[in-house]
Amino acid sequence: MRVKVWQKRKCEVKDGFLYIWHSDESKPPTKVNLLTCQIKTCQQQQNVQSQSSLTNDDRAQSSLSQTSNMTNSTNNQLKNFGTYFDLISYNRTYHFQVEDEHDAEAWISVLINNKEGALKKEFDNSTSDKVSNSELTSLSMAMANSSNRMMDSSNDLNSNLPKLRQKIIEHIQKLPGNDCCVDCGSTQEPTWLATNFGVLTCIECSGIHREMGVHISRIQSLTLDNIGTSQLLIASMMSNNGFNDIMEAGLNIQTFKPKPNSTMDERNQFIRNKYLHRKYIIKTCTSELELLNDLEQAVHSKDLYFLLQVWAEGVNLSAPLPSNNLMETALHQSIMREYDGGSLYIVDFLIQNSPDLNVITRPDGNTALHYCVIYNRPECMKLLLRSKANYSLRNKMGKT
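For the sequence shown, this note's numbering begins at 226 and goes up steadily by one.
Calculated from the structure, these hints are not laboratory results.
One should not assume that every hint holds.
List time: in silico DSBU-like cross-link candidates among lysine-lysine, alpha-carbon distance up to 35 Å [stated by the list, open to error]:
(1) LYS621 x LYS239
(2) LYS484 x LYS504
(3) LYS388 x LYS233
(4) LYS527 x LYS239
(5) LYS388 x LYS399
For each label pair, taking beta carbons as the anchor points, the in silico distance ranges come out as [stated by the list, open to error]:
(6) SER512 x MET437: 48 to 58 Å
(7) GLU237 x LYS346: 48 to 58 Å
(8) LYS233 x ASN258: 19 to 29 Å
(9) ASN451 x LYS624: 33 to 43 Å
(10) GLN391 x LEU514: 42 to 52 Å
(11) HIS327 x SER248: 42 to 52 Å
(12) LYS621 x ASN486: 20 to 30 Å
(13) PRO401 x SER617: 40 to 50 Å
None of the values given here were measured: they were computed from a predicted structure.
Think of the CB as a built atom: it goes at the ideal place given N, C-alpha and C, for glycine as much as any other residue.
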């Protein structure tokens, strides 16, 4: 991180927003929506004297050294600063510096917890027929029945699957922005789901998605296809608005965006630029190593929007993570960390959007499927088998 000037500012986290006061505190503070932000941690070697205090609750207030200067000019004095972290919104980056590592951890904890609380509230408020966290977890676990009928037909979960599936679909359709097409804004039956992104399109735009191929976008109809619950994992945690906050963050008034009455040629050009070339994003990383570090953080924090951002910036989802001696990929680590059905959407996003599902660790030679066996992750295994991961590969011990 390179900045010119650090400025001490009063900050407060409340109700899903970070408030940053100006030097003249009589002016209204800057209001940053945490739902559209990512948090990056940075560790420096030396600490400096600064004052800050923070309580680990939903209303944290403190004085904090901060700057939003985004220039690339170098500053040798930066090496004297202590622990800091970045808050990256859809249109700018805020750099924060605090006194010590504990202070940074406290701030980051509050920001993450407040963001997750706001996300849950957004989901709850978006549907009158609320879907509870336990029901969303049931969705994750129920996908085994939908994609692989290995359970007894008398199983309660199996018999309730159509009702659960319909309730989840209703939940998805009421998420922010899901009442209109993610690409052209049409409100005429946006019931075509891109399962690997979890967004809804109209029938006209869905045709362009199909033409791009399943390696780019995988389209299913919520009403015409017998869609399995496993194909709703990402959509239950994504929304059209949240998706476009990242994939269209770089749009400006000169950029053409299709309207409901746009021609197919106009839709085609925009959609290909958006998904294939990822032309409308705002980049937050300057190197492949930085992208891989962000990928690892997204998996560890189970942040789907953070994961979407690094994918949009072109990270290789199948590349070994730099901090791992076993050459594990993000998929390996997400499977290892998925123990209660609560983050299967992360596993599924990686499976559906990774170029290679059969990368092995070193020196053990374990694929993602091996990790499913080692860590007893049957739901992850079914997702991998659905996507035709190679189950015949043997690891160093000769086991498939």
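Cross-check of the supplied hints:
Restraint check for LYS621 and LYS239: the C-alpha separation of about 51 Å exceeds 35 Å, so the hint is violated. At roughly 18 Å between alpha-carbon atoms, LYS484 and LYS504 fall within 35 Å of each other, so this suggested pair holds. Note on LYS388 and LYS233: the hinted pairing is violated, with a Cα-Cα distance of about 54 Å set against a maximum of 35 Å. Our distance criterion of 35 Å between C-alpha atoms is met by LYS527 and LYS239, whose separation comes to about 22 Å.
Under the criterion of a C-alpha separation no larger than 35 Å, the hint pairing LYS388 with LYS399 is consistent with the structure, at around 17 Å. Between SER512 and MET437 the Cβ separation comes to about 28 Å, which falls outside the hinted range of 48 to 58 Å. At roughly 18 Å, the beta carbons of GLU237 and LYS346 sit outside the given window of 48 to 58 Å. At about 23 Å, the beta-carbon gap between LYS233 and ASN258 stays in the expected band of 19 to 29 Å.
As the Cβ distance of ASN451 to LYS624 is approximately 35 Å, the hint placing it in 33 to 43 Å holds. In this structure the hint that GLN391 and LEU514 lie 42 to 52 Å apart at CB holds, the actual value being about 45 Å. In this structure, HIS327 and SER248 break the distance hint of 42 to 52 Å, their C-beta atoms being roughly 27 Å apart. Here the CB-CB span from LYS621 to ASN486 is close to 59 Å, at odds with the stated 20 to 30 Å.
Range check, PRO401 to SER617: Cβ separation about 43 Å, and the 40 to 50 Å hint holds.
Hint violations for this structure: numbers 1, 3, 6, 7, 11 and 12, all remaining hints satisfied.
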